[in-house]
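Student: Residue numbers (numbering that gives the first Met the number 0), protein chains in the order written: chain A, 0 to 104; chain B, 0 to 487.
Hints listed in this document are in silico derivations from the structure and should not be mistaken for laboratory results. Cβ coordinates follow ideal geometry from the N, Cα and C atoms, glycine included. Do not take every clue at face value.
[To be verified] Stretches of chain B that chain A covers, calculated by requiring three or more beta carbons in the stretch to come under 8 Å of a beta carbon on chain A:
| # | stretch |
| --- | --- |
| 1 | 28-41 |
| 2 | 127-134 |
| 3 | 162-169 |
| 4 | 182-188 |
[Stated by the list, open to error] To give a feel for the contact side, a few chain B residues facing chain A, derived at Cβ under 7 Å:
| # | residue |
| --- | --- |
| 5 | Phe137 |
| 6 | Leu138 |
| 7 | Leu145 |
| 8 | Val174 |
| 9 | Ala176 |
| 10 | Ala177 |
| 11 | Ala191 |
| 12 | Ala193 |
| 13 | Glu196 |
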Amino acid sequence: MTPALALRLAFAAAVALIMLGALTAWSAGHAVKRVIGVLSALGGAIAALAALGVTDALLAGVGVSVVVLVIAAALVVRAQEAYGGVEIGEIDVADTLDEAKAPEA
Amino acid sequence: MQPWLDSARAHAPLLMIVAPLAAAALALLAPGGRLAWAVACLGGAVAATIALDLALRMFVFGAVQPHAAEGAALEPGGASVACAALLTVAAFVAMLASRAMLRHDVRTRAGPMTMALLSVALAGWIGALFARDLAAIFLAVETAWLAVVALLALAGERARGAVSAALRMLIAGGVAAALMLLGVGLVERGVAGARLEALSSITVATPRLAGVGAGLIIVALALKAGLAPLHGWIGAAYGRASPGVALILGVVGAGGALSVLMRVSAAAIGAPEVGDGVAAALAVLATVTVVIGSIQAVGARNVRRLAAYAGAAQAGCALVGVALGSPAGLAAALVQTLALLAAMLALLGGATAIDGDAPLSALDGLSRRAPIASAAMTFALLSLMGAPLTTGFLARWRLIEAGLGAGWWWSAAVMIGGSLAAVVYGGRMIERLYFRRATHAVEHGDRWRWARAPALLLAVLALAWGVEPSLLLRAADAASQLDLGEGS
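Construct the complete structure from the given sequences, taking the supplied hints into account.
Tutor: Given below as structure tokens:
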């Protein structure tokens with residue numbers, strides 16, 4: 000396998016990881032799974048940058064991923080405390096009920 | 000004194016970023032919310048003053064744009080300076096109005112953190128407007144976005160709906176960040192350079208790669224600006240946020256993202272190898288946004304959700320101007336951005352007069368209990384409709400003129416369709432404000448409610464600028480000529 004082919008394969012795998020992560024973030028029924036999807040997509044993007052040889056944005060990507068992880072963890076804990084669970088469906092139902100309590104909302 | 004002033008003017012873009020960042024650091028150290036609010040407002044006022052000074056010097060007095068060596072690579076262009084002036088002024092008055100938010104929407108101990116996050120968000124968007132390199136733009140955008148998400152999450156301590164809205168924003172924004180990062184990599188590889196302007200000024204080595212990269216960056220920014228069909232998060236974020244946080248989301252969050260989107264799009268359209276494809280994609284995105292945003296605004300039953308969807312539709316109109324790729328189109332888009340920010344300030348600022356959730360029925364008879372807020376909301380709605388003598392009318396007129404000049408007759412239909420939809424939802428709101436009996440209570444006795452008066456007053460003045468717009472049009476034309484004119 001030539002180095003050029005290996006880089007192309009690595010780039011393709013990274014793009015696949017981004018797509019898989021985005022799909023999970025879009026469709027998973029559990030908040031933690033959605034967060035994992037986001038982090039997978041970000042990890043894929045960082046891997047793609049590495050395969051492309053673009054290094055200046057790579058560090059920025061790593062930093063942003065860490066901050067996203069920290070905020071997501073805090074939000075998941077807050078959601079667990081506020082709703083008693085982190086199933087997206089249950090959270091949506093609870094929000095809908097909250098809004099229905101307001102007149103004509 | 001003059002040497003200091005000259006030095007400050009030479010480093011104006013950097014100072015616009017540093018002032019709110021320093022204010023954020025000091026706000027965090029403040030012992031209470033009131034001092035943090037004062038410090039953040041001071042930082043916002045400094046940034047707004049510098050931005051207005053820079054815009055006046057560049058667009059009215061014809062001064063050369065500053066190119067001081069900063070260590071950080073900043074490159075102020077015409078659209079970015081104009082958008083920074085609009086954004087900093089709007090953010091400053093929104094900061095003033097946020098005093099009421101500190102009292103009602105977040106816990107007392109979270110006050111300093113709230114004001115610090117607001118200042119960081121402002122600094123982030125200004126940084127993204129001026130950053131020269133794509134990686135720096137990415138970092139600045141994400142800083143601003145994550146600060147707004149955290150701000151929304153803080154409001155979740157009082158209302159749990161804000162927590163789920165923040166989670167939704169974080170997930171949508173995280174996916175957008177991944178796409179933007181990939182786009183940055185593809186563009187840098189495609190044009191063999193890290194600068195945004197490299198798209199148009201350097202021969203593109205691999206056009207397809209650069210085109211896909213530019214498209215991904217634009218899609219990511221469109222998601223953060225809440226443009227349809229990528230706006231799944233805005234209904235929950237605006238609807239479940241507290242009134243004050245919704246104001247910040249609409250003015251600083253969506254306004255900042257739209258400004259950066261305009262800057263990046265204008266640069267990509269100027270690229271000879273990929274410009275046509277980017278323009279076509281932007282035109283489709285803008286049209287879809289106007290149509291879907293207008294339909295959702297007509298169907299909305301919550302004031303803040305309605306404002307969010309109406310704002311998305313108006314942002315779509317601005318994007319049509321950018322997609323034209325001409326100085327006339329960009330100038331019209333800048334005027335439309337002013338109209339949009341002023342309308343958001345007035346609508347969402349006026350909606351802070353309503354306690355708790357804001358169903359449309361809360362507007363019933365509001366004009367008798369909150370006349371200033373009602374008058375500001377009415378002005379905003381008339382501008383959204385494109386009523387003559389308002390800035391909204393002026394923007395719509397200039398957009399149609401620029402569209403017809405380029406042979407885009409359909410753009411006139413899009414603008415008129417957006418205005419007709421605004422007549423439906425705006426008329427419904429005005430009818431409730433003035434011709435119905437009140438069913439909801441309005442907060443009284445809180446003297447800090449007057450803190451939102453400057454925001455409402457400034458919004459009304461900006462919307463009424465359409466009466467005598469010669470200075471506004473001159474500045475918009477000068478800004479667009481700098482970016483897209485001959486020799487730019």
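Student: Hints first: check each against the structure and report whether it holds.
Tutor: Right, here's what the structure says about each hint:
1. Only when three residues or more bring their CB closer than 8 Å to a CB of chain A does the claim for the stretch 28-41 of chain B stand; here the count is 0, and the claim is violated.
2. Residue count for the stretch 127-134 of chain B with a Cβ under 8 Å from a Cβ of chain A: 3. That meets the three needed, and the coverage hint holds.
3. Only residues whose C-beta sits within less than 8 Å of a C-beta in chain A count toward coverage, and the stretch 162-169 of chain B has 5 of them, enough to reach three; the restraint holds.
4. For the stretch 182-188 of chain B, the proposed coverage by chain A is satisfied: 5 residues have a C-beta within less than 8 Å of a C-beta in that chain, meeting the threshold of three.
5. Below 7 Å, beta-carbon pairs count as interface contacts, and B/Phe137 has one with chain A at about 6 Å; its hint therefore holds.
6. For B/Leu138, the interface hint holds, since its Cβ comes within 7 Å of a Cβ in chain A; the closest pair sits about 4 Å apart.
7. Evaluation of the B/Leu145 hint against chain A yields a held restraint, the C-beta minimum of about 6 Å falling below 7 Å.
8. Of the supplied interface hints, the one on B/Val174 holds, with its beta-carbon coming within about 5 Å of a beta-carbon of chain A, less than 7 Å.
9. The beta carbon of B/Ala176 comes within 6 Å of a beta carbon in chain A, closer than 7 Å, and the hint placing it at the interface holds.
10. Interface restraint check for B/Ala177: the shortest CB-CB distance to chain A comes to about 4 Å, inside 7 Å, so the restraint holds.
11. Because the closest C-beta pair between B/Ala191 and chain A is about 11 Å apart, greater than 7 Å, the hint is violated.
12. With its C-beta approaching chain A no nearer than about 6 Å, B/Ala193 sits inside the 7 Å limit, and its interface hint holds.
13. For the restraint placing B/Glu196 at the interface with chain A, the shortest Cβ-Cβ distance is roughly 16 Å, beyond the 7 Å limit, so the hint is violated.
Hint compliance for this structure: hints 1, 11, 13 are broken, all remaining hints hold.
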